[in-house]
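Based on the hints, put chain B in the right spot on chain A.
In order, the protein sequence lines correspond to chains A and B. For the first sequence, the working numbering gives the first residue as 2, with consecutive numbering after it. For the second sequence, the working numbering gives the first residue as -3, with consecutive numbering after it.
Since the hints were derived computationally from the structure, they do not count as laboratory data. Heads up, the beta-carbon is just placed ideally off N, CA and C, and yes, glycines get one too. Treat the hints with caution; some may be incorrect.
In silico DSS-like pairs for lysine-lysine, Cα to Cα no more than 25 Å straight-line [said to hold, decoys possible]:
no.: 1; chain 1: B; residue 1: LYS330; chain 2: A; residue 2: LYS96
no.: 2; chain 1: B; residue 1: LYS372; chain 2: B; residue 2: LYS357
no.: 3; chain 1: A; residue 1: LYS133; chain 2: A; residue 2: LYS145
no.: 4; chain 1: A; residue 1: LYS133; chain 2: B; residue 2: LYS138
no.: 5; chain 1: A; residue 1: LYS154; chain 2: B; residue 2: LYS372
no.: 6; chain 1: A; residue 1: LYS147; chain 2: A; residue 2: LYS96
Among the chain B residues that face chain A by a calculated CB cut under 10 Å, a handful are [what the hints assert, rightly or not]:
no.: 7; residue: TYR333
no.: 8; residue: GLY335
no.: 9; residue: LEU339
no.: 10; residue: GLY340
no.: 11; residue: GLN345
no.: 12; residue: ILE350
no.: 13; residue: LEU431
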Amino acid sequence: MSDLAVDTEIDRSQMTVSDDIAIEINNMNKWYGAFHVLRDIDLTVNQGERIVICGPSGSGKSTLIRCINALEEHQQGKIVVDGTVLSNDLKNIDKIRREVGMVFQHFNLFPHLTILENCTLAPIWVRKVPKKEAVETAMHFLEKVKIPEQANKYPGQLSGGQQQRVAIARSLCMKPRIMLFDEPTSALDPEMIKEVLDTMIELAQEGMTMLCVTHEMGFARQVANRVIFMDQGQIVEQNEPEEFFNNPKSDRTKLFLSQILGH
Amino acid sequence: MSEMHAETVGYVRDTMLPEQDPPATSVGAIGWLRGNLFSGWFNSAMTILALIFIYWVMSIIVPWTFSPTWYATSLSECREILNEMGREGHFGGACWGVIRDRWVQLLFGFYPSDLYWRPILAFVLLFVALGPVLFSDYFPSKLIWFTAVYPFIMPWLLWGGSIWTPILVIAGFGIGYGAFRVVSGAVGNLGGLIAAVVAALVWWLFLLGPVSELIHSIIPAAINQVDSRAFGGFMLSITIGVVAIAISLPLGIVLALGRRSDLLIVKALCVGFIEFIRGVPLITLLFVASTLLNIFMPPGTNFDIILRVIIMATLFASAYMAEVIRGGLAALPKGQYEGADSLGLDYWQAQRLIIMPQALKISIPGIVSTFIGLFKDTVLVSIIGLLDPLGLSNAIRADSDWNGIVWELYGFIALLFFIFCFGMSRYSMYLERKLQTGHR
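So that you can see chain B by itself, here it is in the shape it has in the complex:
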């Protein structure tokens, strides 16, 4: 404001100012460099130091990575190839022969090689099943039926056996529903629910096996059975990870709702479960699954080790999931509950239509973090003797050909894990953007 204006109190602007371009030093590449890398002498010095450090690290990693050892058949052959090129010592070069030799094993473990198509098919179908859930805009909504059936197809493809088993497992839900209809008419909904659970459990645990064998003896239809011992590598990690992820989310939602419930016993049970599971390391739970459970089981029961591990990983993740979702629920303003109540929505409608969509959206970063953590935690099963990628890397090193190889195997395993985890992370960002509906 000029001096003239300082004296005159009344002031009316008669022309509006036109818009001007910002100064050249604040936009474009130069503006970006100035703003982010060279704003002030200290930051400029740090930028240069950082560049030098990055150059130093890359000058070691890049030549190590580009090493012509793809066709080597043992570590000593790798060393010979590198020695001939005059590259020696720790940073001489990678020995990629081990990956070429063993990558199939790292993916499938000891799964019979003539049956590789089954896990591959299961993996491809996984994406078909996930499509309608993850990208509902691009997939026909009818495909959701396939998503519903997939949980029964996948174990059948992986473990094999009679086709009747998964069909009869699905039938168990029908039996449970039938029991619900019959009993709820007489005793009410709660009685019906209990009857349904009991009927389904009796069916699955005691009747399913004999009935399946009976039908199989009449109409045989089966694919080769594969023992859990043969499972390994990434196939095992993905199997455990996907199943645990898929179950821990709904379980976590139920636990979170239970923890906020007004019903004292429900609340106490949920709090007790969550706090107990969170208070115990996962590895302890896995040891319980692998060794202690057998002691409590009746002798002769064959409770699959992978199934036991999946159950423990699921319970572990669901406790964390419950707390993540509880955070989302707590972030919702009370007005949302009141809005839903005032329109006459009942508790479950309000949860499903109003509360959960918003609470889950708020919790997406936490939920995906839990998923990623769970997926990476699957490597802990190597400690109880399952041959996940890390377990296999030890097995591979036990081979005299590859004794002493470390970085190449871990690098390969890390890369595969990174692809999955980064994929999940990017998906969560896509989802957050998609669900963005303006500021609240």
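Bound conformation, chain A alone:
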């Protein structure tokens, strides 16, 4: 929609895609009751890829990335994340969740904990990091998202954009190898979208593997190395951003792009 973040110079030197496979999804199907939400999804993501997933609402894009860290259960097919097969085994699920960070549309910060405690909680309890070290890491990432001075406030005292940056920092504190973004800017006021996108761009520049469900096409153009278009639970088209935006192949994609870029 907006051409945000175009004023930022993107440093692509670190944005390299390696041959190591980060996520592999084969023939994955999912139903909500009788409703077939995801149909025959095949997707391979290499380490270092920055993938933007877009599509009309209800197309299953959020459900897809939520399946990757088992927030949603898939009924058929195989998902391998960072070499771990996603099964009903709780040990595997916990292992994957430790390696995969997630940022939500509504931040999902813990309102009863301070910003700093939000960031140190999981490292201390899940990774068993000593408290002092966890605090240092947390402050490092809070500085990175440019809000170290808010560390002792509560989420309710921060603006939406600040909260979302805290949510990103909170995920990063677990030192994840993959980051999932589920519409990170859709709940924000327009003037706060940029600060969150800037943080995400910075992350991409450092070579983080990212899957973003977003409608920020400016971000997709600049940062993504692949754009995936989904409709009715299926991957309809995927391509490099230049090709995807300038030369969409399917009619469904053309219609979608004309609707969101047309104004």
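For chain B alone, kept in the frame of chain A given last:
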């Protein structure tokens, strides 16, 4: 907007307006009076009527309360004193002599008077034990160890007996833990847990008595034993109330989690328990405790009546507590669970660190209401013959000196209950303010 502006569409403000004081009629005492008491003729009339009513009620209560009967030794003496002053009839004056004569009994029941220091000490220590839990900011955190030991000290102080009994009861936890360590290594956690419970129960029910007697015969250390029959008055209410409150909260949390569980049998058990207990009046449960249980017990078992009552009151309160906490859990957005899950916290970590602190905070008003209700419900034990304050008030009226006294006793009992319940209510408000962390 003036007419001039209505014609010109483009408009730029060149000076910003300064802040002004609000009009005098909307602030201060006058503003408050106008806003709250005299806004409009109807409200003004209601205010005046209410003032007249309050004056009328107070003009009866205040003179009744201030009555010089503190040293009277019987109701008839009270009447004489009041008659001499020319005050007669129902509203002549209170007979406070009964309170002076019997307040100790209302507090302690028939507890041996030379041992009053024990319940008093237990009561004082209760606050020391509660301190680190209720006011964690002001107490050293090491004191929490005392809080952990207090549940064993309190019954020992109240009922007395050998010092070895509470120590050996604590040892039961060690035995359970030992059994867990030994068995869980071989069979897994669930087997270990079952073994721990069984080992601890066997210890408490069958081995503890003989072992305690054995040690006692070698190293005697005991304080006088006091029979449950001697318990009464506020001491009894507080004992039942505090124990039931302290146990019903954790039990309620477990039941609430069980009711929301995905595990079918756990869920069915919790729903069944909650619905059964909530479907039965407390007084029925108390009758079961006092009479029916004896029928099912092997003859000769001496299962303390106060303990039975405490168990029933606890179960009753925990069912309500479970529903209150379930309400708090339901009020939490799904995103909180997902946030915790996505960070890799397991179920118990998520519950303890993320879900419960917030759910309990939301439920504070309901939890405290349940506590207050439970504390007041302790007077129901008078119906099964325990001498709580209400039971004692009947006993006092049976004395020919005080036959016919009603208001003074009930007023005194009500005042003491009010102090405790109001205290709990104020504490809950303090806690809510303390846990306030900005809008969500």
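Hints, verified against the model:
Between LYS330(B) and LYS96(A) the alpha-carbon distance is near 22 Å, which keeps this suggested pair within the 25 Å criterion. A hinted pair counts as satisfied when its Cα atoms are at most 25 Å apart, and LYS372(B) with LYS357(B) qualifies at roughly 23 Å. Between the alpha carbons of LYS133(A) and LYS145(A) the distance comes to roughly 19 Å, so the proposed pair stays at or under 25 Å and holds. Proposed proximity of LYS133(A) and LYS138(B) is supported: the alpha carbons are some 21 Å apart, at most 25 Å.
Proposed proximity of LYS154(A) and LYS372(B) is contradicted: the alpha carbons are some 40 Å apart, above 25 Å. Only pairs whose Cα atoms come within 25 Å are accepted, and LYS147(A) paired with LYS96(A) is rejected, the gap being roughly 29 Å. Because the smallest distance between the Cβ of TYR333(B) and any Cβ of chain A comes to about 9 Å, under 10 Å, the interface hint for this residue holds. Contact between GLY335(B) and chain A, as hinted, is supported at the beta carbon level, the nearest pair being about 3 Å apart and thus within 10 Å.
Because the beta carbon of LEU339(B) sits about 4 Å from the nearest beta carbon in chain A, less than 10 Å, this interface hint is met. The interface hint given for GLY340(B) is met, as the beta carbon of that residue sits about 4 Å from the closest beta carbon of chain A, less than 10 Å. Annotation: interface hint on GLN345(B) holds; nearest CB of chain A at approximately 5 Å, less than 10 Å. Evaluation of the ILE350(B) hint against chain A yields a held restraint, the C-beta minimum of about 6 Å falling below 10 Å.
With a least beta-carbon distance of about 7 Å to chain A, the hint placing LEU431(B) at the interface is held under the 10 Å criterion.
Violated hints, in rising order: 5 and 6; the structure is consistent with all others.
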